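2 protein chains.
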Amino acid sequence: MGRRSTGDVPALVERARQGDPRSVARLISLVEDASPLLREVMAGLVAHAGHAQVVGITGPPGVGKSTSTSALVGVLRRQGRRVGVLAVDPSSPFSGGALLGDRVRMQEHALDPGVYIRSMASRGHLGGLSWATPQALRVLDAAGCDVVLVETVGVGQSEVEVAAMADTTLVLLAPGMGDGIQAAKAGILEVGDVFVVNKSDRDGAAQVRRELRSVVALSERAAGAWTPPIVMTSADRGEGVEEVAAAIGSHHEHLVASGELERRRRRRARDEIENLALTTLRQQWRGVHEHAALDDLADEVVHGRSDPYAAADRLLASLEAPR
Amino acid sequence: MGRRSTGDVPALVERARQGDPRSVARLISLVEDASPLLREVMAGLVAHAGHAQVVGITGPPGVGKSTSTSALVGVLRRQGRRVGVLAVDPSSPFSGGALLGDRVRMQEHALDPGVYIRSMASRGHLGGLSWATPQALRVLDAAGCDVVLVETVGVGQSEVEVAAMADTTLVLLAPGMGDGIQAAKAGILEVGDVFVVNKSDRDGAAQVRRELRSVVALSERAAGAWTPPIVMTSADRGEGVEEVAAAIGSHHEHLVASGELERRRRRRARDEIENLALTTLRQQWRGVHEHAALDDLADEVVHGRSDPYAAADRLLASLEAPR
Numbered sequence: 001m002g003r004r005s006t007g008d009v010p011a012l013v014e015r016a017r018q019g020d021p022r023s024v025a026r027l028i029s030l031v032e033d034a035s036p037l038l039r040e041v042m043a044g045l046v047a048h049a050g051h052a053q054v055v056g057i058t059g060p061p062g063v064g065k066s067t068s069t070s071a072l073v074g075v076l077r078r079q080g081r082r083v084g085v086l087a088v089d090p091s092s093p094f095s096g097g098a099l100l101g102d103r104v105r106m107q108e109h110a111l112d113p114g115v116y117i118r119s120m121a122s123r124g125h126l127g128g129l130s131w132a133t134p135q136a137l138r139v140l141d142a143a144g145c146d147v148v149l150v151e152t153v154g155v156g157q158s159e160v161e162v163a164a165m166a167d168t169t170l171v172l173l174a175p176g177m178g179d180g181i182q183a184a185k186a187g188i189l190e191v192g193d194v195f196v197v198n199k200s201d202r203d204g205a206a207q208v209r210r211e212l213r214s215v216v217a218l219s220e221r222a223a224g225a226w227t228p229p230i231v232m233t234s235a236d237r238g239e240g241v242e243e244v245a246a247a248i249g250s251h252h253e254h255l256v257a258s259g260e261l262e263r264r265r266r267r268r269a270r271d272e273i274e275n276l277a278l279t280t281l282r283q284q285w286r287g288v289h290e291h292a293a294l295d296d297l298a299d300e301v302v303h304g305r306s307d308p309y310a311a312a313d314r315l316l317a318s319l320e321a322p323r
Numbered sequence: 001m002g003r004r005s006t007g008d009v010p011a012l013v014e015r016a017r018q019g020d021p022r023s024v025a026r027l028i029s030l031v032e033d034a035s036p037l038l039r040e041v042m043a044g045l046v047a048h049a050g051h052a053q054v055v056g057i058t059g060p061p062g063v064g065k066s067t068s069t070s071a072l073v074g075v076l077r078r079q080g081r082r083v084g085v086l087a088v089d090p091s092s093p094f095s096g097g098a099l100l101g102d103r104v105r106m107q108e109h110a111l112d113p114g115v116y117i118r119s120m121a122s123r124g125h126l127g128g129l130s131w132a133t134p135q136a137l138r139v140l141d142a143a144g145c146d147v148v149l150v151e152t153v154g155v156g157q158s159e160v161e162v163a164a165m166a167d168t169t170l171v172l173l174a175p176g177m178g179d180g181i182q183a184a185k186a187g188i189l190e191v192g193d194v195f196v197v198n199k200s201d202r203d204g205a206a207q208v209r210r211e212l213r214s215v216v217a218l219s220e221r222a223a224g225a226w227t228p229p230i231v232m233t234s235a236d237r238g239e240g241v242e243e244v245a246a247a248i249g250s251h252h253e254h255l256v257a258s259g260e261l262e263r264r265r266r267r268r269a270r271d272e273i274e275n276l277a278l279t280t281l282r283q284q285w286r287g288v289h290e291h292a293a294l295d296d297l298a299d300e301v302v303h304g305r306s307d308p309y310a311a312a313d314r315l316l317a318s319l320e321a322p323r
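The listed protein sequences derive, respectively, from chains A and B.
Just so we're aligned, residue 1 is where the first sequence starts under full-length UniProt numbering, counting upward by one.
Just so we're aligned, residue 1 is where the second sequence starts under full-length UniProt numbering, counting upward by one.
Quick caveat, the hints were computed from the structure, so don't treat them as lab data.
Quantities reported herein were computed from a predicted structural model and do not represent experimental measurements.
There could be a bad hint or two in this list.
To be verified - If you want the footprint, here are the derived chain B segments under chain A, 3+ residues with CB under 8 Å:
id, segment
1, 67-79
2, 235-244
3, 273-280
4, 296-304
Quick reminder that beta carbons are idealized off the backbone N, C-alpha and C, glycines included.
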């Protein structure tokens with residue numbers, strides 16, 4: 001692998017487009033490594049992306065995200081659709097093609113050539129989740145996936161962040177977790193396009209549905225806007241999972257018909273471009289060889305000789321000067 | 001208040017420097033509102049800041065952060081030191097001088113003129129926590145606080161973010177929460193300069209201490225580096241809190257003697273300058289009137305006519321052209 005030269009990128013991209021799993025895996029590794037080859041990779045992929053429906057799967061720990069994701073993959077595969085799964089763990093140092101511990105249920109799909117499963121760590125990434133995820137999504141999209149499921153393992157902000165990258169966001173809850181208000185606080189309920197109450201055979205499932213119904217009823221929506229459905233499931237027994245797939249399909253139709261899909265994708269592209277541009281600037285400012293300007297300015301602020309606003313102005317002014 | 005003109009800023013800054021609590025409160029409100037007056041405020045304050053020791057207080061919900069903070073304020077006050085408390089809740093829409101519900105214990109200090117207590121919401125802020133907190137810290141610092149305690153109410157990433165702004169980070173744990181591994185996963189243990197096992201009269205406290213000891217023993221440290229002490233407390237009865245204050249003091253001495261204080265503060269200033277500069281750029285790029293460039297570029301990426309790297313390059317190039 002270490003011997004691959006830049007000249008291999010077009011061939012690698014071509015093999016990934018034809019669905020070769022090793023090439024797809026290699027391209028996602030390039031994303032994880034923030035490889036300089038990514039510019040060339042993305043230039044080769046961008047014209048072939050835009051087909052996949054990106055579905056974010058969020059919810060508090062313990063609601064059965066992994067089981068639900070696996071069951072959903074099963075239903076989508078029986079419909080003949082190609083599926084990508086990206087399990088993003090912003091706090092994990094582990095990554096790669098290996099299946100993480102609690103992802104063991106996904107192994108039933110591990111040998112299916114119509115499914116790509118990938119765990120991705122984003123910790124330590126310059127720009128983190130928001131930098132790496134859109135690029136990994138583009139790889140899976142261009143490789144011919146009809147649906148890409150993005151599951152976050154993290155909590156709080158990272159879930160909201162991933163939702164911003166999805167066309168459709170599934171929010172999973174379960175009874176007996178006391179999570180109604182908790183989840184609302186973290187902003188998870190606000191981003192849900194489809195709500196799933198998993199473990200619906202347990203006590204309290206009806207209560208969770210009632211709470212969700214009032215949240216949905218109380219939230220402000222424009223005329224003609226999408227009303228998030230609430231689906232009851234027992235993912236470990238496969239119950240209700242076809243309804244989840246149907247709800248995802250309906251939401252996609254709504255997104256297309258209303259023009260919202262285009263708007264969401266434009267917003268996503270805007271975020272991605274902005275993040276790449278800001279990352280480039282950050283690298284320049286922190287680069288030891290190119291600009292030591294930021295260090296000098298920090299020194300002045302620490303010793304009270306400059307305030308941070310004036311320092312920021314000078315940092316920006318250095319961009320506008322010829323380099 | 002609404003009638004205040006820009007000309008009042010120097011007077012306001014001067015009153016805050018002399019410790020007038022209303023002026024301090026007003027300046028922190030300007031930070032929360034991202035007021036355009038902040039440039040002038042920070043220019044006036046920067047030469048008077050740099051004295052306070054900033055202590056971050058983090059830990060999972062339920063360990064007794066609020067009680068410990070309050071008890072620590074009591075000890076520091078008995079030592080004659082002026083104390084600021086900044087309670088940061090990244091998920092809360094509430095803010096202002098009002099004491100939040102679970103901060104009710106802090107009321108014993110509410111009438112003490114040597115203590116400033118402030119709850120701050122950062123949700124919705126452009127740049128969030130990392131934008132607002134350093135500026136609020138500078139206000140409390142310049143107002144003459146010897147120690148500023150920063151307590152996060154949030155979870156996960158926000159706690160690590162606040163730790164990055166502190167000179168000394170206190171990590172609180174408690175028995176019976178099953179949080180040993182959880183906390184480690186969120187990266188909290190890595191940022192601890194002082195560990196506190198609160199509720200140390202409960203079963204399992206010794207076990208938490210043992211786990212922490214192995215974490216400390218296993219972590220790699222350079223020769224002469226600080227070894228985080230582990231302090232057992234029962235904050236609600238005031239037990240062990242003087243030892244916490246002593247550990248904070250020792251860590252401060254270590255920071256000064258090793259030159260690490262200067263390094264941490266320089267890094268903090270660098271982050272702050274960078275965040276201000278990037279926020280300015282983001283505002284420009286998203287500004288409807290100034291640059292619609294980002295929207296056009298996003299369109300090209302969505303339709304596969306440009307890849308995100310090329311688009312980011314063009315966005316940056318637009319900065320270097322004369323405006």
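Which hints from the list above does the structure break, by number from lowest to highest? Violated hints (numbers, rising): 1 and 2; every other hint is consistent with the structure.
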